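Please model the complete structure; the sequences and the hints are all you need to start from.
Protein sequence lines, in the order shown, are assigned to chains E and B.
Just so we're aligned, residue 1 is where the first sequence starts under the working numbering, counting upward by one.
Just so we're aligned, residue 1 is where the second sequence starts under the working numbering, counting upward by one.
Mixed in with the good hints, there may be bad ones.
Copies of one chain are not kept apart here, so a pair can be met inside one copy or by any two copies together.
Listed below are the simulated SDA-like cross-link pairs for lysine to any residue, each with C-alpha atoms no more than 20 Å apart in a straight line [claimed, not checked]:
#1 K38 with R160
#2 K183 with L73
#3 K183 with A37
#4 K25 with A99
#5 K38 with A191
#6 K183 with R163
#7 K38 with G180
#8 K29 with D282
#9 K183 with T12
#10 K29 with L47
FYI, nobody ran anything at the bench for these hints, they're computed from the structure.
The structure displayed is predicted, hence computed values, not measured ones.
Number of protein chains: 2
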Amino acid sequence: MAGPFLGCDWGTTNLRAWVIDGDGKALRKAVFPFGVAKLAAGEAVRLFRHEVRPGLQAEDLPALLCGMIGSELGWMAVPHRDCPADATVLARALAEAEAGRAWIVPGVKCPGLAGAPDVMRGEETQLIGWIAADPAHASGVQLVCHPGTHAKWAVIENGRIMRFVTAMTGELFDLLRRHGVLKTEAPADDAAAFDEGVAAAGDGSALASRLFTTRTRVVGGGRPARSSASYLSGLLIGAEVASLPGLLNLPVARVALLGEPELCRWYARAMAHTGIVATLYDGEDAAVGGLAAIRAGA
Amino acid sequence: MAGPFLGCDWGTTNLRAWVIDGDGKALRKAVFPFGVAKLAAGEAVRLFRHEVRPGLQAEDLPALLCGMIGSELGWMAVPHRDCPADATVLARALAEAEAGRAWIVPGVKCPGLAGAPDVMRGEETQLIGWIAADPAHASGVQLVCHPGTHAKWAVIENGRIMRFVTAMTGELFDLLRRHGVLKTEAPADDAAAFDEGVAAAGDGSALASRLFTTRTRVVGGGRPARSSASYLSGLLIGAEVASLPGLLNLPVARVALLGEPELCRWYARAMAHTGIVATLYDGEDAAVGGLAAIRAGA
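Below, the structure is given as C-alpha cells:
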C-alpha cells in the first residue's frame, strides 16, 4: 500500500507516533505517556481515537501499530508469529484493530532456553527497519543487539529474523538499584566506574557473587558510593555481553546495536572490552523504517 | 573461661539467644524479633538489658554475641578480622560491649572478587562451631556452603577459615519474587518445578537470560503460574551451585551444607544434580557450638 499513514510504536512505558509518507519518511511526530502498563481495559481505543489521531492530524489516515499494544494488556492480543520472520511475513499477519483503518503488527517468537518459546513485541519492527535500511544488512548472518528492560539479541540471516534470546538486564538493574542491599540513588553516568563493573563481570558467570561486589567495593574497598549505579550497570551489561554470544552459539566479532542511543553507547563501551566491534543504529529511525517496510508489504 | 553464659546470634531479621553451659550445651533458648535491620539508634542496649537478659533469666551471666549486632546498624561497629580465622583468633579479638559483662564476636573478611574484601558477620561463628563439632572437620581442606540471603561458600583448611565468597542468591530470589515481571505469590514448595529450574540454570552463565524463562515457560510454555516461585528458586540456587566451585577454583566433590535445615535441603537437591555429595548440618547447633568454642578460647 502507498500513501501516508499513521505509524505507532506503542510500548510498555510510552507511545511514539509518526505520520509516515509513502517513501518511509516521518513527516510529523508525537510522543504520548500512554504506556501499555498504565492502560485500563478499553482505554487504548479511546486514547488512540481521541488523543493520538487528532494529535497528529491523522484522523483519516490508515494506521499501523507495533509493540506491547498487541498484547493482552494493550488493545487486543495478537498471537506471536514464528521465526523466521521478515516484512512480508509480518505484513500478511497484521491484526485488524479498526475495520479497514488500523492494524497491529504481531510480535515474533522462536524456540528459547529451557524449552520455552522466547518472545518479542516491538523490537521485530525495529529489526525489520534495520534490515530494510541497507542491502548489506539483508545479506549473510548478522547479529543485532537491542538493549533495554528486556534486551534482545537477534540473529538475522539473509534479511530474516531467524532466532533471538532475551536478557532481562535492564530489569535487574532497575530492581537492584531500587530495592535491597545494593539500592542507590546515584546517577549512572560515571564511565570509569562503569568500566570497573564491566571488568568485574568477567566471563559473565557467578552473577549473584559478582553483584555483591557492588557493595563490598564501597563498604570495604573505599570506592565512593556515588559510583555504585554506574558500576552495577557495567557489571550487568558486561555479564550480558560476555555470555550472550556463547548462548547463541555464534562466533561474534561484529554486533549492530539498535535502540535508544545513550543506552547503545554504554553497550558499545562494554563490547569494546571484549573486542567486539559495535555499530550503533537509532531505534526510532528503525521503528519508522520497519513500519514503512511492513506497510509496503501489506 | 568456664561456667554458663548467655550466647546470642543477633542477625538482620531476628535474635536467637541461649543459655549455654560450660560443656557447650544449650540449657534455655529464646527467639526475639529484634532484627538489626529494625533497630533504632541505641535500641540494642536497651533491648538486650530489658528483654533478652530477663527473658532468659540471664541477668548476671557473661554474654557473647555474634552477627550483625557487631555492625554500624547494631550495638557497635566491630572491625572484621582478616582470614585465616579460628576460635582463638576471634576470642582474642572480642569487642567489649558491656564492661566485663558482654562481648561481641568480630566478623571476618578476606580478599574477594573485583579487588574488594568479602565479609561475613555471624556465619564465622557457625563455621567455628561446625569445625569444633568433629575432628574430621578440622583436618584437611573442607568446603562449607552457608545458604541464605547472602550465601557464603567458605574454604576451611586444618580448622581455619581461609577464604570465602558471597552469593546474594537469597536476596535476588526475594527481589524477583516481589517486584517486576517475574513477580509471583506462589509458594516455593514444588520439587519438580525446582528441579526444572536447576536444569535451566545450566552452567550458571547468562543468568539474566535464563531468569527470563521463569516467565516464558508460563506465558508461552504452558507451565502453571503456581510453579514459578519454585522454578525461580531452583534456577537461582542451581546457578550458584554450578558456578561457585569454579569461582573458588576448587575441585568439589563434597560440600558441607550449614544453616537453616529446610533451605539446606533445597541446596542439597540442587547439588545432587551436579554430582556434588552434600552433608547437612544444623546452623543453630553450629551457632551454639561456635559461641561455646570462642568463649572457651577467651
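key: Status of R163 relative to K183 across identical chains (alpha carbons, at most 20 Å)   = neither (35 Å within a copy, 27 Å between copies)
query = How would you classify K183 and A37 at a CA-CA limit of 20 Å: within, between, both, or neither?
reply = between (24 Å within a copy, 15 Å between copies)
request  = Pop the pair K29 and D282 into one bin, within, between, both or neither, using alpha-carbon distances up to 20 Å.
outcome  = Within one copy only: 15 Å inside, 64 Å across.
Alpha-carbon proximity between K38 and A191, which holds within one copy, between copies, both or neither at 20 Å = The answer is neither: 33 Å in one copy and 36 Å across copies each exceed 20 Å.
key: K29 and L47: within-copy, between-copy, both or neither at 20 Å Cα   = within (16 Å within a copy, 63 Å between copies)
query = Using 20 Å as the alpha-carbon threshold, which applies to K25 and A99: within, between, both, or neither?
reply = neither (25 Å within a copy, 79 Å between copies)
inquiry  = When Cα atoms must be at most 20 Å apart, do K38 and G180 count as within-copy, between-copy, both, or neither?
reply    = Only across copies: K38 and G180 sit 14 Å apart there, 25 Å inside one copy, limit 20 Å.
inquiry  = When Cα atoms must be at most 20 Å apart, do K38 and R160 count as within-copy, between-copy, both, or neither?
reply    = neither (33 Å within a copy, 56 Å between copies)
ask   = When no copy is specified for K183 and T12, does a C-alpha distance of 20 Å or less occur within a copy, between copies, both, or neither?
value = between (24 Å within a copy, 17 Å between copies)
key: Homo-oligomer pair classification [L73, K183; C-alpha up to 20 Å]   = Only across copies: K183 and L73 sit 16 Å apart there, 30 Å inside one copy, limit 20 Å.
Comparing the model with each numbered hint stated earlier shows that hints 1, 4, 5 and 6 do not hold.
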